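Trainee: First to last, the sequence lines map onto chains A and B.
Residue 102 in the numbering used here sits at position 102 of the first sequence; the count goes up by one each step and never skips.
Residue 135 in the numbering used here sits at position 135 of the second sequence; the count goes up by one each step and never skips.
Rather than coming from a laboratory, the hints here were simulated on the basis of the structure.
There's no promise every hint is true.
Chain A is faced by these chain B residues, among others (derived, beta-carbon under 10 Å) [to be verified]:
1. Leu8
2. Leu10
3. Leu295
4. Arg387
If you're wondering where the values come from, they're calculated on a predicted model, not measured in any experiment.
Quick reminder that beta carbons are idealized off the backbone N, C-alpha and C, glycines included.
These are the residues of each chain, in order.
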Amino acid sequence: MTPPDSAQFPDTIVLARDLSQRVPTAGGMLDILSEVGLAVKAGETLAITGASGSGKSTLLGLLAGLDHPSAGEITLLGQRLDALDEDARARLRAGRIGFVFQSFQLLPALTALENVLLPLELAGRPDARDRAAHWLDRVGLATRATHTPRQLSGGEQQRIAIARAFATDPEIVFADEPTGNLDADTGARIIELLFELNASAHTTLILVTHDDALAARCQRRLHLVAGRAREEAVA
Amino acid sequence: MSFARLGLWLLRRERASGEWRVLLLALIIGVGSVSTTGFLGDRLKRAMSEQGASFLGADLLVTSPRPIGDWPDLAVTKSAGTASPLARSQALEFPSMLAKGDAFQLATLRAVDASYPLRGSVRIADRPFAAGTARPAQPPPGMIYVAPDLLPLLSAKVGDRVQIGEARFTIAGIVAEEPGQLGGVFGLAPRVFMRADEVAKTRVLQPGSRVTYLYQFAGDPAQLTAFSAALKSRLDSTQRLIGSREGVETLRGAFANADRYIQLTALISLLLSVAAIAIAAHRHALRHYDQAALLRCFGATTAQLRTLYAVQLLTLGLLGSLIGVAIGALMQQALALLVLPDAVTRLPSLGLAPVGAAVFSGLLALAGASLPALMRLVRVPPLRVLRRDLPPLPVAAWLSAAISGSALLLLIAWYAGNARLIGVFVGALAGLIVVLALLARLALAAGRGVQKMSHGPVRFGLAQLLRHRFDSTLQLGAFTLALFLVALLALVRSDLIAGWRQQLPPDAPNYFLINIAPAQQQSVAAYLSQHHLKASALYPMVRGRLTTKNDVPIASTLPPDARDANSLRRELNLTWTATLPANNAVLAGHWHGDRRVAEISVESGMAERLHLALGDRLGFRIGDQTLAARITSIRSVKWDSMQPNFFVIFAPGQLDALPASSIASLYVPPDAASVLPSFIKMFPGITVLALDRLIANLEAVFAQIIGAIQLLLGFLLAAGIAVVIATLLASLDARQQEAVLLRTLGAQRAYLAKSLWSEFLALGLLAGLLASACAEIAMALIAQRLFELPLRLHPWLWLALPVAGALLVGMSGWLTTRHITRVPPMQSIRALN
Numbered sequence: 001m002t003p004p005d006s007a008q009f010p011d012t013i014v015l016a017r018d019l020s021q022r023v024p025t026a027g028g029m030l031d032i033l034s035e036v037g038l039a040v041k042a043g044e045t046l047a048i049t050g051a052s053g054s055g056k057s058t059l060l061g062l063l064a065g066l067d068h069p070s071a072g073e074i075t076l077l078g079q080r081l082d083a084l085d086e087d088a089r090a091r092l093r094a095g096r097i098g099f100v101f102q103s104f105q106l107l108p109a110l111t112a113l114e115n116v117l118l119p120l121e122l123a124g125r126p127d128a129r130d131r132a133a134h135w136l137d138r139v140g141l142a143t144r145a146t147h148t149p150r151q152l153s154g155g156e157q158q159r160i161a162i163a164r165a166f167a168t169d170p171e172i173v174f175a176d177e178p179t180g181n182l183d184a185d186t187g188a189r190i191i192e193l194l195f196e197l198n199a200s201a202h203t204t205l206i207l208v209t210h211d212d213a214l215a216a217r218c219q220r221r222l223h224l225v226a227g228r229a230r231e232e233a234v235a
Numbered sequence: 001m002s003f004a005r006l007g008l009w010l011l012r013r014e015r016a017s018g019e020w021r022v023l024l025l026a027l028i029i030g031v032g033s034v035s036t037t038g039f040l041g042d043r044l045k046r047a048m049s050e051q052g053a054s055f056l057g058a059d060l061l062v063t064s065p066r067p068i069g070d071w072p073d074l075a076v077t078k079s080a081g082t083a084s085p086l087a088r089s090q091a092l093e094f095p096s097m098l099a100k101g102d103a104f105q106l107a108t109l110r111a112v113d114a115s116y117p118l119r120g121s122v123r124i125a126d127r128p129f130a131a132g133t134a135r136p137a138q139p140p141p142g143m144i145y146v147a148p149d150l151l152p153l154l155s156a157k158v159g160d161r162v163q164i165g166e167a168r169f170t171i172a173g174i175v176a177e178e179p180g181q182l183g184g185v186f187g188l189a190p191r192v193f194m195r196a197d198e199v200a201k202t203r204v205l206q207p208g209s210r211v212t213y214l215y216q217f218a219g220d221p222a223q224l225t226a227f228s229a230a231l232k233s234r235l236d237s238t239q240r241l242i243g244s245r246e247g248v249e250t251l252r253g254a255f256a257n258a259d260r261y262i263q264l265t266a267l268i269s270l271l272l273s274v275a276a277i278a279i280a281a282h283r284h285a286l287r288h289y290d291q292a293a294l295l296r297c298f299g300a301t302t303a304q305l306r307t308l309y310a311v312q313l314l315t316l317g318l319l320g321s322l323i324g325v326a327i328g329a330l331m332q333q334a335l336a337l338l339v340l341p342d343a344v345t346r347l348p349s350l351g352l353a354p355v356g357a358a359v360f361s362g363l364l365a366l367a368g369a370s371l372p373a374l375m376r377l378v379r380v381p382p383l384r385v386l387r388r389d390l391p392p393l394p395v396a397a398w399l400s401a402a403i404s405g406s407a408l409l410l411l412i413a414w415y416a417g418n419a420r421l422i423g424v425f426v427g428a429l430a431g432l433i434v435v436l437a438l439l440a441r442l443a444l445a446a447g448r449g450v451q452k453m454s455h456g457p458v459r460f461g462l463a464q465l466l467r468h469r470f471d472s473t474l475q476l477g478a479f480t481l482a483l484f485l486v487a488l489l490a491l492v493r494s495d496l497i498a499g500w501r502q503q504l505p506p507d508a509p510n511y512f513l514i515n516i517a518p519a520q521q522q523s524v525a526a527y528l529s530q531h532h533l534k535a536s537a538l539y540p541m542v543r544g545r546l547t548t549k550n551d552v553p554i555a556s557t558l559p560p561d562a563r564d565a566n567s568l569r570r571e572l573n574l575t576w577t578a579t580l581p582a583n584n585a586v587l588a589g590h591w592h593g594d595r596r597v598a599e600i601s602v603e604s605g606m607a608e609r610l611h612l613a614l615g616d617r618l619g620f621r622i623g624d625q626t627l628a629a630r631i632t633s634i635r636s637v638k639w640d641s642m643q644p645n646f647f648v649i650f651a652p653g654q655l656d657a658l659p660a661s662s663i664a665s666l667y668v669p670p671d672a673a674s675v676l677p678s679f680i681k682m683f684p685g686i687t688v689l690a691l692d693r694l695i696a697n698l699e700a701v702f703a704q705i706i707g708a709i710q711l712l713l714g715f716l717l718a719a720g721i722a723v724v725i726a727t728l729l730a731s732l733d734a735r736q737q738e739a740v741l742l743r744t745l746g747a748q749r750a751y752l753a754k755s756l757w758s759e760f761l762a763l764g765l766l767a768g769l770l771a772s773a774c775a776e777i778a779m780a781l782i783a784q785r786l787f788e789l790p791l792r793l794h795p796w797l798w799l800a801l802p803v804a805g806a807l808l809v810g811m812s813g814w815l816t817t818r819h820i821t822r823v824p825p826m827q828s829i830r831a832l833n
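Same shape as in the complex, but just chain A (with noise of 0.2 Å):
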């Protein structure tokens, strides 16, 4: 695949070049991702779909921030990546970056206004309890603010995940297998509510799924075989 060039993209968000994650096995090295390429420009949606092991989550993973790429470089809203640290990396997801996660991630012994309320607690957010509450009614769980995930279904877990993502008005968000963990209608009204609320917020949305219903809805879509990127034009 072409590798893209920054300038060839002003309002790029996201922009990859030769993408390599090579991992020690037991028989050799692995490739799980080669030569990717990728821009993502603010507002966009983008899918990244392939078959379990194609390395979707990997890649996510990379375009986040939360790992380093054996070969090529990553730009994360206009910072090369490679040249950030662990820390540094840290500093740039702080409050710019929500997350969303198949296993919810909600931490246990809070309640779900407290866990919405965290990243905008550490983003320093001087109005963060009022922002925090509104989110969490965004997403219809007012009436659950007080309750702990323990007491919380699935579904309403994930709302409380997509809230928290949304709450820092972050420039992307990037969303690993939302519904995986949840049935079919469930599942049906979280993409719902994400595309809603990213759509109202105008928010960068990169998402890994195998659902081609959800990467349907997605402005782009780039699928992984075998570590390999191919752009799709979108259904």
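For chain A, the structure is supplied; the task is to place chain B on it using the hints.
Mentor: Relative to the frame of chain A, chain B by itself:
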């Protein structure tokens, strides 16, 4: 929000978590243990310092076995014009019998003049354990003041009349407080104050009687310095000059050693708590890898995570330490009541210094136990949010070990104080851990056989024990240690003295007669034979100090660590006889027999301690005379024979000219005990020492000390329980998974409950059995090696310890894990997800 505040916020939210609770509990137990001894030690130390001069009752004290006549001029100073003479007081101290009706008791009499004490105060009360009022210690004529413990021994009360020697006195009050006294710990011969001018009329003191002359001085420091300088050259080796500071220092030195050992006992509980803390911290870290990864994902840097977890740890550390200190403050009072029942009210109040020391120990222990786990926690890669199998980046093993090792070593060093004791403690600890681990492994291997024979839930429960082998070893080791030490102390307390008493022949002497004047010897012998009482030979006794070996000062012939020997610091009881006493055996050389030559026989232990050999010429100072004799035999002595025993025995004829009194031991059968009051009336100057009573007193002192240590072992037992709970919590997730599986497959709650109970009961039972075996072995070694007592088994121990172990481990194990049998499987599955 700062990460420090976030840390506190999360901590508050997670305060109910099992790990934090165990960690806090273990810390409270450990700090409680060290602060209990810390507080009491500090109170005693301050009591000694605060007493200062009042400790001696004077600024300067001179003790002498005989009167001193030629004092330097008391007012000699350079500024003689301004100085007034030193204040001075003189007292006599000697043992004597007090008798009231048929009751009699040995007491230490201090005969004082009107100015005693020069410093500090004596408080006299009109009833036992009252605070009393400060008064001169010199009672009005015909009266005495007595220590409170004397009254029950004589069945007397204030106002009663008692006999001392040939005179009668009225008990006019009770000594509630006197200089130098911290408590009645060693009240073997209770104190009596009488008037110095009334000693003569008792006729107790005869030539050769045991008596100490006390000369006390107080006044201007410069004058005292000049005076003591002038005095020093005039004193001989039997006389001692003690400054007030020196007096306190001597006591404080002895106390510091005892205090150190007690503190180290307390430290064992803290170290066992460290094990529980380390396990809890490890589980806490494991359960928070996801949290840490999420926070990193949200933009937290390593330093911010470090701040967050450090603040949590510090908060818990301070909280646990302060609660521990509060418990220590309560327990030290209990300990004080056990050790110093009479002196508690006189001790200074709680000090702040031990709080700092205990909190520091708690934080150090916490850091050593939990930093390695938390260091891993901050190294969790953020990618873990996507790949939950990702472990934290490894922390170098040497770094973890170095952090934990140095924290623990620092802790041990802090309490042990010197390199030798640190070495001994660490060595003993390492040895104990190895032995306990081996024993626990062996016991578990034996448990495998039992498991094979069992079935159903019992088999499953035992299988759990064997499967978590590391955990089981740790739990077993910790609990065995606690039970073993508790049992050992109980055995020492019940067995040693009783055992030693039992092995004495039934007609072993039970009384000593001391201070028999030469003129009384024949009438005493006649009295005893008239009443068919069996007595040992009468041994004449003079007191003298060993000063030289082969004409050089003996201290200079010894290595520095041997110069402190007891036999050099005090006057020895010297005797002479032609016949080798029973229970003595010549090990080297020849017994001198009735040859009237300058020869002596020396006891083998003393010969060894003082590096003495056959042919050495020893010089003694007896009164104002010196004499020398050659060692011609070295003897073994059976010290527990209840016979008069001597370190040094002279050949006849060497000491004849010196004033001597005699000593004998005597067996009085219980049905003849009524003879004694009449004996005391007939020979009022003779001191009758009741060995039964002496041993009972020693037993009481022993019981106090052991009671105090047992109180500390309560902490150890609690720390053992904390280890059991911490290891169980660490395996709780795995257990819950197994429980879910079993219940899904149709196991009933009762099945799970039975399997848990069998596991914990088996663990407690094994710990009890191991502890019984260890206690029996240790006791056998102590009894045989140290006391030469016959081997004795304790069947009750083999029942009591396993039952106690099974109950304690069973209850704490069940309480920790029972909810896994109650939660519906679906809920468990969701919780685990």
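Trainee: Next, verify each hint and record whether it holds.
Mentor: Taking the hints in turn, this is what the structure says about them:
Interface hint at Leu8/B: violated, since its Cβ lies 12 Å from the closest Cβ of chain A, which is beyond the 10 Å cut-off. About 7 Å separates the beta-carbon of Leu10/B from the nearest beta-carbon of chain A, less than 10 Å, and the hint is met. A distance limit of 10 Å between C-beta atoms decides the matter here; for Leu295/B the minimum to chain A is near 7 Å, and the interface restraint holds. Interface restraint check: Arg387/B against chain A, minimum CB-CB distance 7 Å, threshold 10 Å, status holds.
In this structure, the one hint that does not hold is number 1.
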